[in-house]
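Asker: With the sequences and hints as input, model every part of the structure.
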Amino acid sequence: MELLNYDFVQRGIITGLLVAVSCSIAGVFLILRRMAFLGAGLSHAAFGGIALGTLLRVEPFIFTALFTVLVGNLVQAISSRRRIPGDAAIALVFSGGVALAVLILGLVKGFGEYVFGYLFGNILMVTKEEFFFTILSSVVVVSFFALFYRKLVLLSFSEEVAKLKGVNITLMNHLLISVSSLVIVLSIKVVGIILASSMVVIPALTALLLGRSFMSTVLISVVVAVSSVVVGIGVAFYYDLPPSGSIVGAMILLFSGAFLKKVLKN
Amino acid sequence: MQLIRVEDLSFSYDGRVRVLEEVSFGVDKGDFVGVIGPNGAGKTTLFKILLGFLRPSRGKVFLFGEDIRNFRDWSRIGYVPQRLSVEQSFPATVEELLSLVAPKERVRELADFLHMNSFIGRQFQKLSGGQQQLVLLGMALASGPELLLLDEPTAGLDVHAQMHILEILKDLSLNEGKTIMMISHDIGTVLKNVDKVLCLNRKVLYYGEPDGAVEVIEEMFGLRRGAGDGTP
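Chains A and B, in that order, are what the protein sequence lines are.
Numbers 1 to 266, taken from the working numbering, label the letters of the first sequence in order.
Numbers 1001 to 1232, taken from the working numbering, label the letters of the second sequence in order.
It is possible that part of the hints are untrue.
[Stated by the list, open to error] Not close to chain A: a few residues of chain B, all C-beta gaps over 10 Å, as computed:
1. 1040
2. 1079
3. 1101
4. 1111
5. 1208
6. 1210
[To be verified] Computed cross-link-like contacts, DSBU-like style, restricted to lysine-lysine with a CA-CA straight-line distance of at most 30 Å:
7. B:1126 - A:151
8. B:1126 - A:265
9. B:1104 - A:163
10. B:1196 - A:151
11. A:109 - B:1029
12. A:262 - B:1170
13. B:1048 - B:1060
14. A:261 - B:1104
15. A:163 - B:1048
16. A:128 - B:1104
17. B:1196 - A:163
18. B:1048 - B:1203
19. B:1029 - A:262
20. A:151 - B:1048
21. B:1029 - B:1196
22. B:1203 - B:1060
23. A:128 - A:151
24. A:261 - B:1048
25. A:151 - B:1104
26. B:1104 - B:1060
27. B:1029 - B:1203
It is worth saying that the hints were derived from the structure and are not from the lab.
Being a predicted model, the structure only gives us computed values, none of them experimental.
Even glycine gets a Cβ: it sits at the ideal position worked out from N, Cα and C.
Answerer: Structure below.
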């Protein structure tokens, strides 16, 4: 418990909780829009952004957020015009981002040591700038979902019906992708590039198994994500394990429980 | 007043094969129009053009007297789509869905009018086909539209559910003065219930009273000896 008195530990826990809330809400909408793979694609595209930010000597976290939002919107633009299928567009940015990072890894000396923290995340290494950026971004993300909740549920139900009810489909899709790109970048700090999509996908997937209405599904998703972060960090401290693995492990356990419950019920 | 006016409309998805060819017709206020035609005749494409989802390759479309290119008042039109490819795990209840498009008071009215009270708290994806169609109809009616476009609202439903929906549509047409345009493959039901029939097979083959449509329908579907090659 003494550990909780340290600034960096408090920052880490609050960051984890804020990211859990943002990711778990976004995840419900992404899965229902059949965009679950977007998390994996954009987190790997973000890897390219981190490398590019390092090469350009700018604050990598904020630069990566802007870079990923841009890439996410590019995916949306090219897939919505049916030039290439959505999943193929995501695969493209997935490999493009990693390729960019690998190239820069070869060019920038010392980047290799620094990469490890981004690949697997390090919740206890959140800087003050990253902490404030996370708070600000989380406020933006939660406000977005609160403000456009009705339009987003309608959009997840049917684009045709939503359009006739006055929803600007193109604008709403771009806003959703921008916010989702932002939460994916935030989750990199908590669980790393490799596990970033799990923060978005697993709590939402668990909630979709248990929820009996849309609102209850969103709330369950938040509860699953927040409790996984708390349990994950606790286990990591107690057994001296990497927090990213234990957070995602807790999520998997909760998902398995929900899945089992559903199977037994049927 | 004509709520829909279509003039010389042609449409092609790829710029080569025409799905609709020089289609012209008008729908008056209060009309109940049945749209009949074989698969691939362009019925759903026609609806998508009327709803502004697709742009005509040629010709003009007017809604409530206004060119569709300038028309913005979509709340005057209610639409029930043919098939919704909603994600299997979509969790919203009927009440939640109706609340997205209507205030609380109106949700109660719609639930009463469409007899949805027994399943208003259930999830949409767990309802029967007939119940889902009622919910879609409820969402279409939420804003009190003057014009309803229904794309096969009774397809795949049992006889009881079909009759229930048709009763509601007749009520909307006769007692509430709604203008309805409905695509259906159920020729008998269409001929019995509508005021006008639009027979479509890329071109308009017939538009008028149901009585005069029988011969054209028989020919269109190849039901007359030595006639047509349409699919039944």
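Asker: Now tell me if each hint is right for this structure.
Answerer: Now the hints, each set against the structure:
No beta-carbon of chain A is positioned within 10 Å of the beta-carbon of residue 1040 (chain B); the least distance is around 20 Å. Once the 10 Å rule is applied to beta carbons, residue 1079 (chain B) is inconsistent with being away from chain A; the minimum gap is 5 Å. Residue placement check: residue 1101 (chain B) does not keep its beta carbon more than 10 Å from all beta carbons of chain A (closest about 5 Å). No beta-carbon of chain A comes within 10 Å of the beta-carbon of residue 1111 (chain B); the shortest separation is about 16 Å.
Every beta carbon of chain A lies more than 10 Å from that of residue 1208 (chain B), the smallest distance being close to 29 Å; the non-interface claim holds. The beta carbon of residue 1210 (chain B) is kept farther than 10 Å from every beta carbon of chain A, the shortest such distance being approximately 29 Å. Distance check on the hinted pair: residue 1126 (chain B) and residue 151 (chain A) sit about 22 Å apart at the alpha-carbon level, within 30 Å; holds. A threshold of 30 Å between alpha carbons decides the hint, and for residue 1126 (chain B) with residue 265 (chain A) the separation of about 15 Å falls inside it, so the pair holds.
A threshold of 30 Å between alpha carbons decides the hint, and for residue 1104 (chain B) with residue 163 (chain A) the separation of about 22 Å falls inside it, so the pair holds. Distance hint between residue 1196 (chain B) and residue 151 (chain A) is unfulfilled; the C-alpha atoms sit about 36 Å from each other, more than 30 Å. For the hint linking residue 109 (chain A) to residue 1029 (chain B), the alpha-carbon distance of about 75 Å lies beyond 30 Å, and the restraint is violated. A distance of roughly 42 Å separates the Cα atoms of residue 262 (chain A) and residue 1170 (chain B); the hinted pair therefore is violated under the 30 Å criterion.
A hinted pair counts as satisfied when its Cα atoms are at most 30 Å apart, and residue 1048 (chain B) with residue 1060 (chain B) qualifies at roughly 14 Å. As the CA atoms of residue 261 (chain A) and residue 1104 (chain B) are separated by approximately 34 Å, the hinted pair breaks the 30 Å bound. Distance check on the hinted pair: residue 163 (chain A) and residue 1048 (chain B) sit about 12 Å apart at the alpha-carbon level, within 30 Å; holds. The hinted pair formed by residue 128 (chain A) and residue 1104 (chain B) fails the criterion: a straight-line CA distance of about 46 Å is larger than 30 Å.
Only pairs whose Cα atoms come within 30 Å are accepted, and residue 1196 (chain B) paired with residue 163 (chain A) is accepted, the gap being roughly 29 Å. With a C-alpha separation of about 16 Å, the suggested pair residue 1048 (chain B) and residue 1203 (chain B) falls inside the 30 Å cut-off, and the hint holds. Only pairs whose Cα atoms come within 30 Å are accepted, and residue 1029 (chain B) paired with residue 262 (chain A) is rejected, the gap being roughly 51 Å. Only pairs whose Cα atoms come within 30 Å are accepted, and residue 151 (chain A) paired with residue 1048 (chain B) is accepted, the gap being roughly 21 Å.
Among the hinted pairs, residue 1029 (chain B) with residue 1196 (chain B) is consistent with the structure: their alpha-carbon atoms are about 12 Å apart, no more than 30 Å. At roughly 15 Å between alpha-carbon atoms, residue 1203 (chain B) and residue 1060 (chain B) fall within 30 Å of each other, so this suggested pair holds. This hinted pair does not check out: residue 128 (chain A) and residue 151 (chain A) have alpha carbons roughly 35 Å apart, beyond 30 Å. The suggested pairing of residue 261 (chain A) with residue 1048 (chain B) is violated, with an alpha-carbon distance near 42 Å, which exceeds 30 Å.
The hinted pair formed by residue 151 (chain A) and residue 1104 (chain B) meets the criterion: a straight-line CA distance of about 17 Å does not exceed 30 Å. Of the pairs offered as hints, the one joining residue 1104 (chain B) and residue 1060 (chain B) is violated, with about 39 Å between alpha carbons and a cut-off of 30 Å exceeded. Proximity of residue 1029 (chain B) to residue 1203 (chain B) is assessed by CA-CA distance (about 23 Å); at most 30 Å being required, the pair is judged to hold.
Checked against the numbered hints listed earlier, the structure breaks hints 2, 3, 10, 11, 12, 14, 16, 19, 23, 24, 26; every other hint is satisfied.
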